[in-house]
Amino acid sequence: MLLQENVLMDMKRDYYEDVQIFTSGTIVFWLGALMLLLTLFPFIAKNYYIYVANYMAINVIVVVGLNLLVGYTGQISMGHAGFFAIGAYGTIALMTHAHFPFLLALPCAGIVAALLGFLLGLPALRLDGPYLAIATLGFGITATQIIGKIKLFGERQGLHAPKLTIGPWHIQTDKDFYFILIPITIFMVLIARNIVKTKVGRAFIAIRDADIAASTMGVNLTFYKTLAFAVSAFYAAVGGGLYAFVLRFIEPELFSMFMSIMFLTMVVVGGLGSIMGSVTGACLLAFLDLQLRNILEIPYFGEWIKALSESYFSLTGVSNIQLIIFGLILIIIMLFEPLGIFGIWIRFKKYWMTWPF
Amino acid sequence: MVDFLQMVLSGIAVGSSYALMGLGMVLIYKASKVPNFVQGEMALLPVFISFMLLSTYKIPYYIAFPATLIFAFFLGCFLEFAILRRAKAPNILGLIIITIGMEMMLLGFVSWKFGASQRAMPFPISSYDSIMIGDIFISSLDMLTLVVALVIMLGLFLFFRFSKMGVAMKATQMNENAAALMGIKTKQIRMVTWGISAMVGAVAGLLIAPVLVEPYMMWDPMLKGFAGAVVGGMTSLPGAVFGAYIVGITEHLFGGYISIEFKSVVAFVIIVIVLCIKPSGLFARHYVKKV
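If you read the protein sequences in the order shown, they are chains L and R. With this note's numbering, letter number 81 in the first sequence gets 1560, and the count goes up by one each step, no holes. With this note's numbering, letter number 137 in the second sequence gets 142, and the count goes up by one each step, no holes.
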């Protein structure tokens, strides 16, 4: 229903066209250009911006995974910070206590989270709407609470990430980590794109649009719904495992409910049911997030905000402007463009393709 | 035995504030079909307004509290009228996200305005006094919470049973089109429902405020109230109250006998268990979609 405009635009003429990962040569060209830019980026950018890029990439992984669940399968999850935390803590614990190499620990933590996602998916089979929202929300809160009480995970004090070595390569700076993170991100995004284009993805979409009709057509609801939860949990955990090494220090308070809500915000802003939308949404909001954290340092605007805070508001609570702005973005997107950035893109494309009519 | 009764009583006292939040959520869920994540903040802003009136402007209680409640009513109406109603082609996810957006805005505004410092609100009844019933203690604030919650529940019951407005609300919730055909202004009714819900929430907020006033104070009651409402079935007012008391009592018993550390997550375990057995909660008839 929501995607009618999209359907109008992308008329498919045969099966092959439907399963193609890249739909046209233009897209391949621009993606190639993007790859080139991403490779050159760390050599030209300042150190802080490499950190920003790493932060964005992690959000991209999580949000793409969450979109598979929320946007494609139509199951809301407000507890993805839980999976994110499991990934972060799991990866570090596996590396320090079981001495796994990083590239093995990361998918292992992901699989643990995927199993938990599968378990969360089981009650979700019978739930929808508000019931599913509160159940997943409860999961997120419970997961972080429990993690914060486990000795192995450093309880309230948190954990330091161990030194990262892959083969002979010691990874110390953000720049080094960038070269691990970006390939993983691209790989994960391509996998997601691939999932969407295969039988599994079509089953997800069918469940979103009409689950009863889908099961009549032979889609196994139990299997695909739990699979959607598991896949999306896997993505969140991989993102979490990588995040632990971007921050180098993690503590339970990081993985609050607001983090889950942030991920959901990114999915919605990017566009439900669009991988590229998720990528853009995650990048934009992650950037905005980092910028707004030190809002007082933004030129002109920062000074104005400072003066405003001093005379009418409080200076200690100035970082909460971030909440106001994100809330406003959510409301505006939902009221005026329910498909987010993807929706804007579709309209833009349609206008120019049918121009001058 | 005394311990047990003591815990149950404390559980009921805490459950009362959960019940008020839960009632507010159910009212809105029945009217707008959305789990209202802004419920906590609809109470938070009035509480801070009241705090400001009392401590900055030194206005007496008997003016400040009614003024707060009236403000809460208009805040609820405004949120429905200005934001939620404007959503085009809303589905449940979209509505949830709009309420989350409103919640973030209000929370951000309050935290910006008042900072993160923790305060206690001046209140006619001290939270340290306590009453003895047999061998059981109950603080007089808890007692007040309990009584006020019961009065509000009774009031809501009478309102829905005997007032014209209440009956119109029930009709709107049952079948909106039919209600509109009978000449009920359904949009207006929905707006007023939001106002009433905000008022009920604000009462809960005012009863929590003497202990602690800070921007995140309504989070926990909101989530527990939501949990209680879901346990009770999300569409039933007595169900929400019952669910909230279950959550409050179980929480206290768990904290007393098993582990105080995990006290705050018990509510969510209860929800998952209840929902596994009865997917639509204890008091709601399970809704089966017709094909």
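Just so you know, these hints were derived from the structure itself, not from any lab. Quick caveat, the model's predicted, so the values are computed rather than measured. Treat the hints with caution; some may be incorrect.
In silico SDA-like links for lysine to any residue, alpha-carbon gap of 20 Å or less [said to hold, decoys possible]:
{"hint": "1", "chain 1": "L", "residue 1": "1785", "chain 2": "R", "residue 2": "121"}
{"hint": "2", "chain 1": "R", "residue 1": "93", "chain 2": "L", "residue 2": "1807"}
{"hint": "3", "chain 1": "R", "residue 1": "118", "chain 2": "L", "residue 2": "1817"}
{"hint": "4", "chain 1": "L", "residue 1": "1628", "chain 2": "R", "residue 2": "13"}
{"hint": "5", "chain 1": "R", "residue 1": "93", "chain 2": "L", "residue 2": "1817"}
{"hint": "6", "chain 1": "R", "residue 1": "268", "chain 2": "L", "residue 2": "1735"}
{"hint": "7", "chain 1": "R", "residue 1": "118", "chain 2": "L", "residue 2": "1787"}
{"hint": "8", "chain 1": "R", "residue 1": "118", "chain 2": "L", "residue 2": "1628"}
{"hint": "9", "chain 1": "L", "residue 1": "1630", "chain 2": "R", "residue 2": "263"}
Worksheet item: Regarding the pair residue 93 of chain R and residue 1817 of chain L, is the alpha-carbon distance no greater than 20 Å?
Response: 8 Å, holds
Discussion item. Check whether the Cα positions of residue 1785 of chain L and residue 121 of chain R lie no farther apart than 20 Å.
Written reply: 17 Å, holds
Worksheet item: Holds or violated: are the alpha carbons of residue 1630 of chain L and residue 263 of chain R at most 20 Å from each other?
Response: Roughly 19 Å separates the two Cα atoms, so the pair holds.
Worksheet entry | Satisfaction of hint between residue 13 of chain R and residue 1628 of chain L, Cα-Cα up to 20 Å | 26 Å, violated
Worksheet item: Is the Cα-Cα distance between residue 118 of chain R and residue 1787 of chain L 20 Å or less?
Response: 11 Å, holds
Discussion item. Check whether the Cα positions of residue 118 of chain R and residue 1817 of chain L lie no farther apart than 20 Å.
Written reply: Distance ~31 Å between residue 118 of chain R and residue 1817 of chain L Cα, so the pair is violated.
Worksheet item: Holds or violated: are the alpha carbons of residue 118 of chain R and residue 1628 of chain L at most 20 Å from each other?
Response: Outside the cut-off at roughly 34 Å; violated.
Worksheet entry | residue 268 of chain R paired with residue 1735 of chain L [C-alpha distance capped at 20 Å] | It holds: about 17 Å lies between the C-alpha atoms, which stays within 20 Å.
Item to complete: For the pair we were handed, residue 93 of chain R and residue 1807 of chain L, check the Cα-Cα distance against 20 Å.
Response: Between residue 93 of chain R and residue 1807 of chain L the Cα gap is close to 17 Å, so the pair holds against 20 Å.
Checked against the numbered hints listed earlier, the structure breaks hints 3, 4 and 8; every other hint is satisfied.
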